[in-house]
Amino acid sequence: MANERLRAALLRKGVSIADLAQAIQVDPKTVERWVTKGREPYRKHRFATASYLGVDEAYLWPEALSPEQVTSASRSEIIAVYPHRWSVPRDIWGRLFAAASQEIGVLVYSGLFLADDGGMVRLFGEKARAGVRVRILLGDPDSAEVAQRGADEESGDGLAAQIRNALVLYRPISGLDNVEIRMHRTVLYNSIYRADDEYLINTHVYGTRAGNAPVLHLRRVAGGDMVATYAESFDRVWDQAKPVES
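Residues in the sequence shown are numbered from 1 upward in steps of one, following the working numbering.
Any given hint could be a false lead.
Stated by the list, open to error - Straight-line alpha carbon distances no greater than 20 Å define the calculated EDC-like cross-link-like pairs of lysine to aspartate or glutamate that follow: (1) K37 x E63; (2) K13 x D157; (3) K37 x D91; (4) K242 x D225; (5) K29 x E4.
Unchecked claim - Here are the computed distance ranges between Cβ atoms for each label pair: (6) P243 x R5: 22 to 32 Å; (7) E103 x R5: 43 to 53 Å; (8) A151 x R39: 47 to 57 Å; (9) M1 x V205: 41 to 51 Å; (10) E245 x P62: 16 to 26 Å.
Hints were generated in silico from the structure; no laboratory data involved. All residues carry an ideal CB built from backbone N, CA and C; glycine is no exception.
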């Protein structure tokens, strides 16, 4: 069977079979068999292809890696674990977003601690002006999901008010090119903060505010599956969310 994921990755990258073959130094007919017949490349060619196309090896060839290999690579994606969001040093947040060269993403209900940090908002603006795509997802303050989370955290309407406040705080950058803000109506299991292939994942714990919940610091590793899972979740919420007019 054809490898439609590989075909789609080529199309997204805007390259041909011949381009890929030249980049990883194999015969174009070999690459064509990978695409049209679903042939599985050698490991070094899988890695080179995934790196060139900017996707995960496990995404292109999910059956190629053994569970042990995926588990080992996924462990390597973990940089640090923090018991609470408030215990993550501020310079970690700053370095995370400052290092972004392609994309910054924020998926939260309010994330007010970030929106209320004038330095971070200015950094988002500077990155956007430099060509970095900045995507911010906030919870819809009128949604049932936000109301339920407020009830779970015993904050009442406080969470909805925080979201509205965050929208005001993001106004200085909301009209910039490369900055997109959307409202989502999802049950949020994790807050996700991403900068290219590096992520801070703020887990959500029932009855506990996000600031007091643990945080995973992750960086994508070829063959790993953790970062890919969170990246897919972010994009799924993004696709369903409603843009905020600037």
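Exercise for the section: For the range 22 to 32 Å, tell me whether the beta carbons of P243 and R5 fit it or not. Expected result: The hint (22 to 32 Å, Cβ to Cβ) holds, given that P243 and R5 are roughly 28 Å apart.
Problem - Hinted pair K37 and D91, Cα distance within 20 Å - result: It is violated: about 48 Å lies between the C-alpha atoms, which goes past 20 Å.
Handout entry: Proposed proximity, E63 with K37 (alpha carbon, max 20 Å)
Key = Distance of about 15 Å is within 20 Å: holds.
Handout entry: Distance restraint hint 47 to 57 Å, applied to the beta-carbon atoms of A151 and R39
Key = For A151 and R39 the Cβ distance comes to about 53 Å; the hint holds.
Handout entry: Distance restraint hint 41 to 51 Å, applied to the beta-carbon atoms of M1 and V205
Key = Cβ of M1 to Cβ of V205: about 42 Å, so the range 41 to 51 Å holds.
Problem - Hinted pair K242 and D225, Cα distance within 20 Å - result: Measuring from Cα to Cα gives roughly 28 Å; hence the hint is violated.
Practice task
Please test the hint of 43 to 53 Å on the beta carbon pair from E103 and R5.
Solution key: 21 Å, violated
Practice task
Could you grab the alpha-carbon distance between K29 and E4 and see if it respects the 20 Å cut-off?
Solution key: 17 Å, holds
Problem - Supplied distance hint 16 to 26 Å, evaluated on CB atoms of E245 and P62 - result: Cβ of E245 to Cβ of P62: about 39 Å, so the range 16 to 26 Å is violated.
Problem - Agreement of K13 and D157 with the hint, judged by alpha carbon distance not exceeding 20 Å - result: 44 Å, violated
Checked against the numbered hints above, the structure breaks hints 2, 3, 4, 7 and 10 and satisfies the rest.
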